[in-house]
Amino acid sequence: MGQTLGLTWSKKNILIGPEALHQDPRPKTDQDQDQDPRPAPSRTDGGGGARKEAKKKKSETSIGVSSNGSISAVGALFVYLITGLFLGVGVWVARYKFSADLVSDPSLTLFLLWSIEFPVVVIIYSCLRKDPERCSCSKAVGRSILGLVSGAFMNALGAISLGAPIGAQYLPKTIHWSFLMSVLTFVPATAVLGASLTDWHRVFASMKPNENIEYMILVPAYGAVIGGWFGAWPMPLDWERPWQEWPICVCYGAIGGYIVGQIVSLCFMLLLGKDKNLKVA
Amino acid sequence: MSTEMTCTRLTILTVAGIFLQIIGLSIFVFGFFPVKPTLSGVSGSESYLHPLCDSEPNTNESEIHPEKLRLLYEELSGISSRYDRLILMVIDGLPAEFVLGKDGQPPWNVWKESMPYTQSLLANGDAIGYHAKAAPPTVTMPRLKAMVSGAIGGFLDVAFNFNTQALLDDNLLGQFLRIGWKMVMLGDETWIKLFPGLFMRHDGVSSFFVKDTVQVDKNVSRHLPNELNNDDWNLLILHYLGLDHVGHTGGRNSPLMASKLKEMDDIVRTMHLRAMVDRSHDQGQTLLIVVSDHGMTESGNHGGSSYEETDSLMLFIGLSSNISDYAGATNNLAFQVDLTPSLALLFGVPIPKNNVGVLVPGTLNSLRDFEQLRALELNSWQLLRLMQAQLPSSLFGSFSCNCFLEGTCEGFGSDISECSGDKEKQLICLFRNAAVLHGIWKSKKLTKSSAVEDFNRALDAYNAFLKTASEWLASKTTEKPVLLLGLGVSAMFLSCVVCVTLFLSLFKEVYNGPKDQVCSLNYLLNLEGVFILAVLLILVISMGSSSMVEEEHYIWHFMVSTFYLLLLFKTVKSFSFSRGLNSLGEYKIGSIFLLLISGRLLRGWHQGGVNWTHFTDISKWLEQAGGSYVKWIQLISSFLVIGLGVFTLFRTGSKRKSVRIQAFGFSICGFLILLHAWRYQDDMFEVSTNDGATVTAKVIYLILSISAVGGALVLPWSMQKKDKFLVAIAGDYLYMIGSAYILCWCLLQLLLQQPINSGPILLLLIQILAVSCLSSKDVQVNEWVEIAALYYMGMAGHFALGNSNTLATIDVAGAFIGISSHSTILSGILMFMITYASPLLFLLSLVMYIGGKLRNHSLLAHSDTDLGQLLKLKLGFPCLVPLCINSILLMAYTVVLLLMRNHLFVWSVFSPKYLYVCATTVCTYVGVCIVAATVAYTLSVTSFLRSKTQQLVD
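Protein chains in written order, with UniProt numbering: chain A, 1 to 281; chain B, 1 to 954.
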């Protein structure tokens, strides 16, 4: 079972691989401009966000995923299980097909992890997108690819500002790590929310998610970031363990935080119900 | 606090708290760090004369030919040395129990069978072994120092030798060198660090790779056959690390232990047979001493003071002692420091000055009677000299030089008194008894009557004195007075409580007054506030880990950057997209990005720390790229610092004449600094007293101090505007004074710091300006959070300037710029200013910060408050924040140090860190004092002038 799954996904991986590789240099070349496109859509989409507010109240089916993007706790659990499974598949492929793991070859493993996880996340969350009538599935996929790159750029900037090493030998690791982080944090949000800055602001900055799907993109994303932050703690210690290298323990921390975030978001969904706002701030 | 806190009361309580802290800190420091009362200099021929006789030290002794000096020593001591060669074999971490057994029982069979040759030597009486008690810390370097100098080293003397690990005190190897010995060292490179350039040949191995238990010893033993064939050395030191490594990896019962002991036994056998038995007797004799520097616990660790760790070995092979039974050869006790006087007397060199050890009794058995007593006498004299340095001279009043030369003085007949009373008197009395009995024996030796009995009495009397004196001296250096420590810690705790209570009471007043109660909790417990407190907690926790102390710069940078990111988050959160982006928001985000980028550059400038220093960083990269890049960086930084500083000055007060003068002075200074850098920096190391450089530096000091202090004093008197509020005017002045302070400090640092650090100084200035932009525009972040963040940024910058928690990174070279004659105090102050450049810079920026706050405050038209209230809220509260943080950190670190007093790294990691913490405390005091004085002065002057003008108007 695992064997076949792995095979199919490694094939898919081959399909996606070159595409992803082409994207790799892009953060470097587009770095200067990348700052600009982000505010730009906000002005164009700012009005659209307001219109969406009106359409938000929709009926929901109790089992799984409904057509308009809302999702129940069971559905969320299902989504989490799939994403978790494919993270596992990524590790499995790296270990048994490329005989690499995070410690021995972090760049390759990270590349495999994010390139296997990315299509899954894109497909699932694009189906859960907001406003499915006005926004086609292919558009959601397209914007999530854009989200992947810009999210990776943001994550890389954050990591470097917090002290991630800069240097030729660290560059691929940093890039692949930031792509993985982007898959865990930015891609679901871009797939679901699109470029609506108002929604982004409400969900991520004000931390006022309205629906289950917003819990699903908010809590695991913060979990991954906070987990990565804590994961950096053992790095300066002189234990001389190979996993203390950048970005290995940060990855462990981020994935751990992501999983904890998923569990917490499930708890929120179950406890708070769907119509209450989460009051964190 | 039931009553209203007035300004006076606040000041008095704060000052009282600070004084309590200073007192507590000094009590603790003097209690914890043993201040060793050392005698300086090196023992020479005067050590063979009685200490109470004033003899002029032979000044030209160092010019005497070594061979002549050796003969002189031999003649003066009256002891003929039988040995001409010494092999000192140090087996790191070998507990004496492995060789000699414990409590009179022979060692376990597994150990005994591993060392057959050594055991046979012990059984035959060819060797005599001692349980040599080592003093904590049971770590290699202090133990080696103790073995060769006989002194139990204090920590502060290590701390005061800033850059060198070399042993500068009087020691055996130095004495051997003076009589012309040739020395060879094989093994642990600690010896080479301790005695650089002393060895004729050496091959050091590193103790760094603990997993390596084989190669580390092979590297020592491979030279052994050659060295044993060579005849050109007098002292051969072998230091085997393998056994310690076996212990560290597998503990006492490691399966590797038996084979390692066998290896050591084989080496002992080789050396004994080759160097001692085979060597013909006309060449003199060789003494082989096998010692260990410390023991190990069951799990193989060491550093503390348990019996297992302090039970080290001292094994003499080749002393023709008359001990023939196994128990007599193994069941002996001594102290590790006893090795020094024994070796000194056996090999005919003066006993090192600060030795507290006594002769190991068994080593004397081969000497003749008079030589034995003479040796004990010399040892006693040396200890008496050391005691003289610590006891009042009145205690020695009953002696005079003549008593000893002629043996005739009052009350000094043949009576032997029973010694009692307090310890000091008892010591004098014991010495007198021994001297008297020695005299009796000498006089009776001529008449040959009952010599044996008198000899034994004199011997016992000497041993009694030596034992008591040694214990007394040793306890003087190692004892930690519990009372002092407790008193110090409780005083610090009390002051910490006072500071925090004051802070909390003011906190209530500041935040409860104007705000409505509903949102206050939400307002107070915001994300940044919680984070600032969490940073404090994390710092306190991380101080308990030695590697976190070593790599503290990572924590500071990580925390400060996270704080910037939180600020960014908060700013983004405050946007409302329905109204679109406003310029204020962009301005703020720009400032935060500036902070992030400059913070990351600062982090990358110096790698810092202990473990990862070899990683490349910007400074290394620039230095490799060539000196011209560094010069360009310096030039650009200097120009930008002057530009930014003068711009900040003019931004508020361009119309004032005094400000223009000030700016002119600073510009002149900047160009002088550039001149100094371009003309003198290269040859600074060649010509230490370059007149031009010194004069330039002095002129810079003068102009800077006049501009800063004069500006601060004069500016408040030049009040012109009558229409503005008092607070606003004072705020303007403070802003100007603060920016002048900052500019002055940056320029001073440009002069003093290494050229490579001019980049970080520019970045720090940029950070301060960015923070001042942020705080003047931002009212969302609480005031105390901002000030705490400034303190944290100062500490992050401290590490960014290349400092670390080891004493090795202190920049000594800069401490002599502009000083023509050697002055410890002046260069100490300069060194302090260089080391604490960044924390002081950020504390000084508080003046500017308070000024900015006052200006904003005045916009609220809230100027009816009286001066005291104003001072309390606008000055007292900001000043209390750094004081509180510092006192909490100081308190926490004191507790950590107390808990870690038996830790392996207490002297290498925790104690240097504690010195830095103390210096940070001083730095905080200085900074807060300057801020408080400036702000109080400016506010009082402006309010005085305002009241005066109002009277005139009325």
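In case anyone wonders, no lab produced these hints; they're calculated from the structure. This structure is a prediction, so every number in the text was calculated from the model and none was measured. Fair warning: there could be bad hints in the mix.
[To be verified] When the alpha-carbon atoms are kept at most 25 Å apart in a straight line, the in silico PhoX-like pairs for lysine-lysine are as follows:
#	chain 1	residue 1	chain 2	residue 2
1	A	Lys208	B	Lys570
2	B	Lys145	B	Lys112
3	B	Lys145	B	Lys573
4	A	Lys208	B	Lys145
5	B	Lys182	B	Lys193
6	B	Lys423	B	Lys570
**Request:** Compare the distance between the alpha carbons of Lys208 of chain A and Lys145 of chain B with 25 Å, and conclude whether the hinted pair is satisfied.
**Result:** 66 Å, violated
**Prompt:** Within a Cα-Cα threshold of 25 Å, do Lys182 of chain B and Lys193 of chain B meet the stated pairing?
**Reply:** Roughly 18 Å between the alpha carbons, so the hint for Lys182 of chain B and Lys193 of chain B holds.
**Request:** Decide if the proposed pair is consistent with the structure: Lys145 of chain B and Lys573 of chain B, CA atoms, cutoff 25 Å inclusive.
**Result:** Violated: Lys145 of chain B and Lys573 of chain B sit about 61 Å apart, past 25 Å.
**Request:** Could you grab the alpha-carbon distance between Lys208 of chain A and Lys570 of chain B and see if it respects the 25 Å cut-off?
**Result:** 15 Å, holds
**Item:** Lys423 of chain B paired with Lys570 of chain B [C-alpha distance capped at 25 Å]
**Value:** 68 Å, violated
**Asked** Is Lys145 of chain B close enough to Lys112 of chain B, meaning Cα to Cα at most 25 Å?
**Response** 30 Å, violated
The earlier numbered hints that this structure contradicts are 2, 3, 4 and 6.
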